[in-house]
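A.B. asks: Sequence:
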Amino acid sequence: MPFKALVAFGAVVGFGFSILLVPAWGAEIVPSVRTAVQEDSAAASAPLTLDESYTRTLTGSPVLAAFSKEIQAGKAEALQAGLRPNPELSVEVENVAGSGDYSGFDSAETTVRLSQLVELGGKRRLRRQAGDLERTVADRDFEAARAAALAETAGRFAALLAAQERLALAGQQLRLAEQVLRTGEERIEAGKAPAVERLRLQALVAEARLAQDQARQQRATARQALAAAWGGETADFDRAAGEFEHLPALPDWLEVSGWIAQTPAVAGQAARIEQSRQKVKLEDALGIPDLTVSLGAKDIRETNDRALVAEFSVPLQFFDRNQGARSAARARHAKAGEEHRAALLQARTDLVEAWGRMTAARGTARVLREEILPVEQQSFEAISYGYRAGKFGLLEILGVQRTLFEARGRYIDALEACHQAVAEIEGLLGRKISNSAAIAGIDTERGES
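Under the numbering used here, the letters of the sequence shown match residues 904 to 1352, in that order.
I should point out that these hints are in silico values taken from the structure, not numbers from a laboratory.
Don't be surprised by glycine CBs; every beta carbon is placed ideally from N, CA and C.
Where hints are given, some of them may not hold.
Within a straight-line C-alpha distance of at most 30 angstroms, the following computed DSS-like cross-link-like pairs (lysine-lysine) qualify [as the list claims (entries may be wrong)]:
1. K972 <-> K1238
2. K972 <-> K1184
3. K972 <-> K1026
4. K1201 <-> K1238
5. K978 <-> K1294
The following label-pair restraints were derived from C-beta to C-beta distances [to be verified]:
6. G1135 <-> L992: 51 to 61 angstroms
7. A979 <-> G1003: 30 to 40 angstroms
8. P965 <-> A1285: 54 to 64 angstroms
9. Q1249 <-> R1112: 38 to 48 angstroms
Assemble the whole structure, with the sequences as input and the hints as a guide.
C.D. replies: Structure (structure tokens):
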């Protein structure tokens, strides 16, 4: 919503109300997040909490569903990797369909042979271990995706709460603008104000209505964005419920920074190091030749004799000793180590930046709430009273109300930025650092249309 427009018509709104209302009216100009009124009494569905949003994301997110299928595939591949090679059955018939004595089957020699590949160097064990590590990597990737999905949900939830607050503010300002228009018309009819003032007030009402429509559209967009977090095509809830103004207690930075090595992204890269190390061992083992053992029976029809047939074979590794694959595996192992180091540095950088944004927004919100807004409110009430007494002019009351509304808008922005940063930090760490009631409580019932 264009806040400058709200400030402009909000200032003139204060002028009109300074004529109509008692000194306590000034308190109504500062919309409290906890007492924002319901704009449309036709609210259809129950409010949605953050915990409910988390549940929907975990059960309905197509991204997480795709990762779960990958985990199932990894389990199947691990099973396959641990299987032994199948034996081979061969049947050989000699001395048939020739000429002379070998024209028929009287001189046929039939050999039935069973062959088995015997893997040497612990290849099967190493394959099974590599498959287990593949599953571990898939699990770590799922944990990272899960943390990212929940963080995205929390961020979108906070954005919806902020959109609801801005819509509530726009609704209040529209009602005030309409009241000012009625007051202005009464003053014009009484000859206390020029007729041209009606046009200005009508324009302010139109701007207020446009700003409310824009805020309503932004809230609808935020609702749809939240529903999309769990794959919803439409938002089946009316509003989000949460303590938007609540700033939860957070752990110390030194404690948080100690969790960096256990973040999902870093843990995933650590698992890839172990996986690549196992692949080095496997490629080394693949350089060891395997033994093929065959045992069978031979039937000599011409003499009606039987004989055993045994065979042992092993490849001679004159040229291919798997040296290329072994070198590649070592290079990828070194690469995994560098990627782990890069992931650790990136996680630290992202965490420092997000923590800085959270700290700054948290401090801004606290200063605005505890120091700036109370002072601006008192100043606004004093100047409003003085204006009614004829001690202040129109410019003074417009200026103080403009400052008050700007501070209120900055307060909402700071709260949203704080919750967004907390969600990002929790997504990076893969764990909660604050009470979920920070934006998931149901103490406040919202009802904006």
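A.B. asks: Would you mind marking each hint as holding or not holding in the structure?
C.D. replies: Here is how each hint holds up against the structure:
The suggested pairing of K972 with K1238 holds, with an alpha-carbon distance near 27 angstroms, which does not exceed 30 angstroms. Taking the CA atoms of K972 and K1184, the gap is near 28 angstroms; set against the 30 angstroms cutoff, the hint holds. Distance hint between K972 and K1026 is fulfilled; the C-alpha atoms sit about 27 angstroms from each other, no more than 30 angstroms. About 54 angstroms separates the Cα atoms of K1201 and K1238, which puts this hinted pair outside 30 angstroms; it is violated.
About 80 angstroms separates the Cα atoms of K978 and K1294, which puts this hinted pair outside 30 angstroms; it is violated. Distance hint for G1135 and L992: a CB-CB separation of about 56 angstroms, consistent with the stated range 51 to 61 angstroms. Take A979 and G1003: their Cβ atoms lie about 57 angstroms apart, and the range 30 to 40 angstroms is violated. Our hint of 54 to 64 angstroms for P965 and A1285 holds, since their Cβ atoms are close to 56 angstroms apart.
The hinted range of 38 to 48 angstroms is satisfied by Q1249 and R1112, whose Cβ atoms lie roughly 47 angstroms apart.
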